[in-house]
Amino acid sequence: MGASDWLKAQWNGWVDSRLDEEFRAKLRALPTRQNEYGFDPFGFHRDQVKAALLLTRFFYRDYFRVQVHGIERVPEGRVLLISNHSGQLPFDAICIAGSMIFDRDPPRIVRAMVDKFVWTLPFVSYLYARWGQINGTPENCRRLLEDEEAILVFPEGAKGIVKPFTKRYQLQEFGLGFMRLALETKSPIVPIAIVGAEEQAPAFNVKPLADLMGLPAIPIMPFPPFLPVMPLPTKYHMYFGEPLVFQGDPDDEDEVLQEKVKRVKNEIQTMLRAGLQERKHIFW
Amino acid sequence: MSAAKSKSETDDNERYDGRYDGRDKIIVTGIAGRLGRLLARRLHRWHEGRIIGIDRRDFPGRPRDIDHVRVDIRSKRARDVFRAGKVRALIHMGVMHDPRANQAEHHSWNVQGTQRLLEACAAYGVPKVIVLSSANVYGPRPDNSQFLTEDAPLMAAQDFPAIRDLIEVDMLASSYFWKQQSCDTVILRPVHILGSVHNAPSNYLRLPYPPTLLGFDPMMQLIHEEDVVESVLSALKPGVRGIFNVVGPGEVPLSTVLQELGRPSIPVPHILAKSILGTLWRTKLTSFPVPELDHIRYVCMVDGARAKEVLGFQPKHSLKETIRAVLNAT
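Listed in order, the protein sequences are those of chains A and B. 1 is the number of the first residue of the first sequence in my numbering; add one for each residue after it. 1 is the number of the first residue of the second sequence in my numbering; add one for each residue after it.
If you're looking for bench data, these hints aren't it; they were derived computationally from the structure. Treat the hints loosely; a few may be bogus.
Claimed, not checked - Label pairs and their in silico Cβ distance ranges:
hint : chain 1 : residue 1 : chain 2 : residue 2 : range
1    : B       : Glu-309   : A       : Asp-251   : 21 to 29 Å
2    : A       : Thr-137   : B       : Ser-175   : 21 to 29 Å
3    : A       : Glu-146   : B       : Asp-159   : 28 to 36 Å
4    : B       : Leu-285   : A       : Asp-147   : 42 to 50 Å
5    : A       : Asp-115   : B       : Pro-289   : 26 to 34 Å
6    : B       : Leu-214   : A       : Asp-115   : 17 to 25 Å
7    : A       : Asp-16    : B       : Ala-305   : 31 to 39 Å
Said to hold, decoys possible - If the Cβ cut is set under 10 Å, some of the chain B residues that face chain A in the computed set are:
hint : residue
8    : Gln-146
9    : Phe-147
10   : Ser-255
11   : Asp-303
The beta-carbon is built from N, C-alpha and C at its ideal position, and this holds for glycine as well.
Excised from the complex, chain A in its bound form (with noise of 0.2 Å):
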């Protein structure tokens, strides 16, 4: 006990040493509605995401030196941020997460809806928790929209992040549930594009093998290390459009709703365009 006590000690010296008074200033920012033992409902705890936001903020700032276009344009209140996913490791989310911490004023804790499979692994799963992430139920989402929180969902999924990359920058398609969530509380959609993410992770699918072990896809990269376990530093825009607020029945047919899920769809594939026709370079 003493010794891990100790190591514990340590880091979290070593943690509040790399701290400057910008970043403690948004820490001390950062809405939350702790109980006596600073935790969250949803299991957010402020000082336990110190170590994960100045990784953030080194992904965010140094490696892939994010450009942000209109955030301004992200409301206060219930909101929910719809991007497009890719990249085979979920940086994009790490830095939609740093760019509502860094680059907007006041900060925001942005929640991702987690697949429930990722509850399942050790460390991971209370890491994600301390960190303000919640299991992607509509009912999770729900609550914390009425507690005017803002949620991050990626429509197009596990699709998504595992994208070779001959369809880098396609959108996959999108699922339905968010849009009946938005509906039945009435939340703003804001549509995000993010150029430079579909890049830093350059593979192919080895289908017949995912296939064969049931996984959703075996990313492989022609060059070493093979395996997509760092991205390559490409350089990110992101860009986040004005506010959608839809009106209807969230109990609708699918395909009304698919009409409305659409709209979004083009806006981010519009911007995206943009995006990509604006850029110099892959990397800088």
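Since the structure of chain A is provided, determine the placement of chain B on it from the hints.
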């Protein structure tokens, strides 16, 4: 209520007539347990009329004017207590939670026992039935929403078949709620009860070196035993009926609970923990069956908004007091 009154005038004296005249009775099953005794003491101050406990165990420290009927809840003599009449309410806490007990006996006690009690309540027109179930009936699962409402499915037995009778008790009570419209049936589903009680969570937290699962630290909800007693009293109010999750003062991760108690935890990888606990269980060295591990792995938390709104229930103990309550054990 008026129907009950006219019946009591014309027919016999068996039905409760809705008057609190000091002769009305509250029957409590499982009164000799630690939670039962706490409730008995609290009821004693609150209730004008008589309190009758049905429990086949000894009742140490029984106040003199609380009756103790030492019978099996399945027996005819238990029914006779209802037949004597003027029963204002049944509080059924005599549900067995003993993983070491004989499975058949456990099942029969819980399911048949509850069934017999409910039949007696129907036969003698008891206007209020309170069944103490548990939030564990939902079961700890990786795909649980953070806060389950009362209409969530009761999935606990899927990975823990030995507790299916506890789910059946809950369901028997809810079908009674629908069948007996004249009875205000209340099902309470409290979260982990902490205190002097000898239930799995309190016993676990009293271990000198509680093992945890490496890399897992779920959020949990805890409630002080005295707050559970208060929730039962709030459910006695005439007119309230239905199913209620009962939550304590908030949510904390397991690690914080152990820290507050100053317990050095021993993290064990899940696979290892499963096989070790399995061996200990088979050799009767532990009272924790293997599926209990899921409670320190996944969330099983509930939304207590309904109890707050309808019963007006709010816990009085803070999180810290609730956690430290396990140290009060005698």
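Hint check:
1. B/Glu-309 - A/Asp-251: 21 to 29 Å: holds (26 Å)
2. A/Thr-137 - B/Ser-175: 21 to 29 Å: The hint (21 to 29 Å, Cβ to Cβ) holds, given that A/Thr-137 and B/Ser-175 are roughly 28 Å apart.
3. A/Glu-146 - B/Asp-159: 28 to 36 Å: holds (31 Å)
4. B/Leu-285 - A/Asp-147: 42 to 50 Å: holds (45 Å)
5. A/Asp-115 - B/Pro-289: 26 to 34 Å: Hint holds: Cβ distance 29 Å, inside 26 to 34 Å.
6. B/Leu-214 - A/Asp-115: 17 to 25 Å: Check passed, 22 Å falls within 17 to 25 Å.
7. A/Asp-16 - B/Ala-305: 31 to 39 Å: holds (38 Å)
8. Gln-146: holds (5 Å)
9. Phe-147: It holds, given that the least Cβ distance between B/Phe-147 and chain A is near 7 Å, below 10 Å.
10. Ser-255: holds (8 Å)
11. Asp-303: Nearest chain A Cβ about 8 Å off; hint holds.
Comparing the model with each earlier hint shows no violations; every hint is respected.
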